[in-house]
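Colleague: Fit chain B to the given chain A structure using the hints.
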Amino acid sequence: MSDITRAEVCVTACADLFLGAGETLASPMGLIPSLGAKLARLTNEPDLLLSDGEAFLLTPESTVEGWLPYRKVFDVVAHGRRHVVMGANQVDRFGNQNISAIGDHARPTRQLLGFRGAPGNTVNHRTSYWVPRHSPRVLVEAVDVVSGVGYDRAAGPFHDVHRVVTNLAVLDFGTPDHSMRIVSVHPGVSVDEVQEQTSFPLVAEDVGETRLPTGEELDLIRTRLDPHGKRDKEVPQ
Amino acid sequence: MRDKRMTADEVVGTIKDGMTVGIGGWGSRRKPMTLVKALLKSPAADLTVVTYGGPDAGLLCAAGKVRKLVYGFVSLDSIPYDPWFKRARETGAIEVLELDEGMFQTGLRAAAHRLPFLPIRAGLGSDVLTYAPELKTVRSPYDDGEELVAMPALKLDVALVHLNRADKHGNAQYLGPDPYFDDLFCLAADRRYVSCEQVVEAFDGPPQTLLLNRMMVDGVVEAPGGAGFTSCVPDYGRDEALQREYANAATDLGQWPDFYERFLG
Numbered sequence: 001m002s003d004i005t006r007a008e009v010c011v012t013a014c015a016d017l018f019l020g021a022g023e024t025l026a027s028p029m030g031l032i033p034s035l036g037a038k039l040a041r042l043t044n045e046p047d048l049l050l051s052d053g054e055a056f057l058l059t060p061e062s063t064v065e066g067w068l069p070y071r072k073v074f075d076v077v078a079h080g081r082r083h084v085v086m087g088a089n090q091v092d093r094f095g096n097q098n099i100s101a102i103g104d105h106a107r108p109t110r111q112l113l114g115f116r117g118a119p120g121n122t123v124n125h126r127t128s129y130w131v132p133r134h135s136p137r138v139l140v141e142a143v144d145v146v147s148g149v150g151y152d153r154a155a156g157p158f159h160d161v162h163r164v165v166t167n168l169a170v171l172d173f174g175t176p177d178h179s180m181r182i183v184s185v186h187p188g189v190s191v192d193e194v195q196e197q198t199s200f201p202l203v204a205e206d207v208g209e210t211r212l213p214t215g216e217e218l219d220l221i222r223t224r225l226d227p228h229g230k231r232d233k234e235v236p237q
Numbered sequence: 001m002r003d004k005r006m007t008a009d010e011v012v013g014t015i016k017d018g019m020t021v022g023i024g025g026w027g028s029r030r031k032p033m034t035l036v037k038a039l040l041k042s043p044a045a046d047l048t049v050v051t052y053g054g055p056d057a058g059l060l061c062a063a064g065k066v067r068k069l070v071y072g073f074v075s076l077d078s079i080p081y082d083p084w085f086k087r088a089r090e091t092g093a094i095e096v097l098e099l100d101e102g103m104f105q106t107g108l109r110a111a112a113h114r115l116p117f118l119p120i121r122a123g124l125g126s127d128v129l130t131y132a133p134e135l136k137t138v139r140s141p142y143d144d145g146e147e148l149v150a151m152p153a154l155k156l157d158v159a160l161v162h163l164n165r166a167d168k169h170g171n172a173q174y175l176g177p178d179p180y181f182d183d184l185f186c187l188a189a190d191r192r193y194v195s196c197e198q199v200v201e202a203f204d205g206p207p208q209t210l211l212l213n214r215m216m217v218d219g220v221v222e223a224p225g226g227a228g229f230t231s232c233v234p235d236y237g238r239d240e241a242l243q244r245e246y247a248n249a250a251t252d253l254g255q256w257p258d259f260y261e262r263f264l265g
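Which chain is which? The protein sequence lines are A and B, in order.
Residue numbering for the first sequence is 1 to 237, as defined by my numbering.
Residue numbering for the second sequence is 1 to 265, as defined by my numbering.
Chain A extracted, bound-state conformation (with noise of 0.2 Å):
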């Protein structure tokens, strides 16, 4: 199993996100995500719900199960049954996401999408985050704008902020302060280079190794899910 690309590794690390998820709409963003959620339905959560990414819910078999226009989405959002798997620009030590600008708020340097659902979803509902490039400028001592709300600022009886998978490792924050830690690095990646790569102490006790996708997993990714391969451009090997 050496030819185990790292973006399969992601891949499995999303889908894992999902265990236990159940009868919940699975809002993954990007590539990786999207893959890691269609491989967690048809291996360990089949009741998973997916869209299109525009209205439909979509059966694996790609027929329409449901409609589910933003408005719905939004519903969903605030009545809880979804697990988000959004992007960060920047995200703290504390789970705070940011998606909305790069500096002052008031005149950024440079601006980004807005804060989109992010402190919606944070406040209502599991949020994971998937991060394609590890490194200090996005694992910040302190996000510039809170988009995402974190454990340190967490308002409500919702707030659950689950997970950041990045292409070096998976973190979570089941600490006492609920600052981040190292559940385990992907294989070929040290804790050292995890902790380089981060602009603030992680928690690095009992770190563990993620686990490798199953053969069924792997033929899965490659010949049904992504058998053109674009997971490899978004995490280079």
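Keep in mind that the hints were calculated from the coordinates and are not lab data.
One thing to keep in mind: the hints can contain errors.
Said to hold, decoys possible - Taking lysine to aspartate or glutamate pairs in the EDC-like style, the calculated list, with each CA pair at most 20 Å apart, reads: (1) B:K68 <-> B:D17; (2) B:K86 <-> A:D104; (3) B:K155 <-> B:D46; (4) B:K86 <-> B:D46; (5) B:K68 <-> A:D104; (6) B:K136 <-> B:E147.
Note that the coordinates shown come from a computational prediction; the quantities given were computed from them, not determined experimentally.
Modeller: This is chain B only, laid out in the frame that chain A set:
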């Protein structure tokens, strides 16, 4: 029943300096681009523009029409960032109220229901409230006592939306997969204008696709291709080549005057 057909120029002729204009659609999808183009050419200025932002936001910023932009995001979908919106922000050219997408909808709904505000959890803990100190919270009067955001009504002077079909009385139909929030924009506005691909005598398709009724519409503009390069399925998808031209010209300002002249026609 009244015949509400009018021209795009007549619509924008009702928009005066300082007004608040809501624009329907979502990102680079079903934007009322014929009406936006007419607005670009009109003398109206100092506008507050309320939009789930796509190229409408960028173009109106480019033309210097925007005093304040109210948005949850601005994106061209297949191109993540709108270069004119970025420039307007990075040069401090516009005021903004940047909201969570759900707060935006809740603000429109409050206006539609003639309420001062509606409660929502979104925004709590985030910097939405930091940068918009005018947004207040409210405490539940019931036993839970939970603190919630009191999202104020986003009242509009004018709403501009584009649908697939309309009749001359202002009933209007969407044929694509998503109504977006065009009905809410109309209910939140004092005056409501719909452009459409085609004015019809009678509607085909399920009545559930009749998103707007004539109580919600003051003017109808027949504008084939009226969503411009944004998508208006099933009539047409997004013109990705033209959108790329827009984004390239908006990035390299040497190309902009030429593009803009051709774009306005």
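Colleague: Which numbered hints are broken by the structure, listed smallest first?
Modeller: Violated: none.
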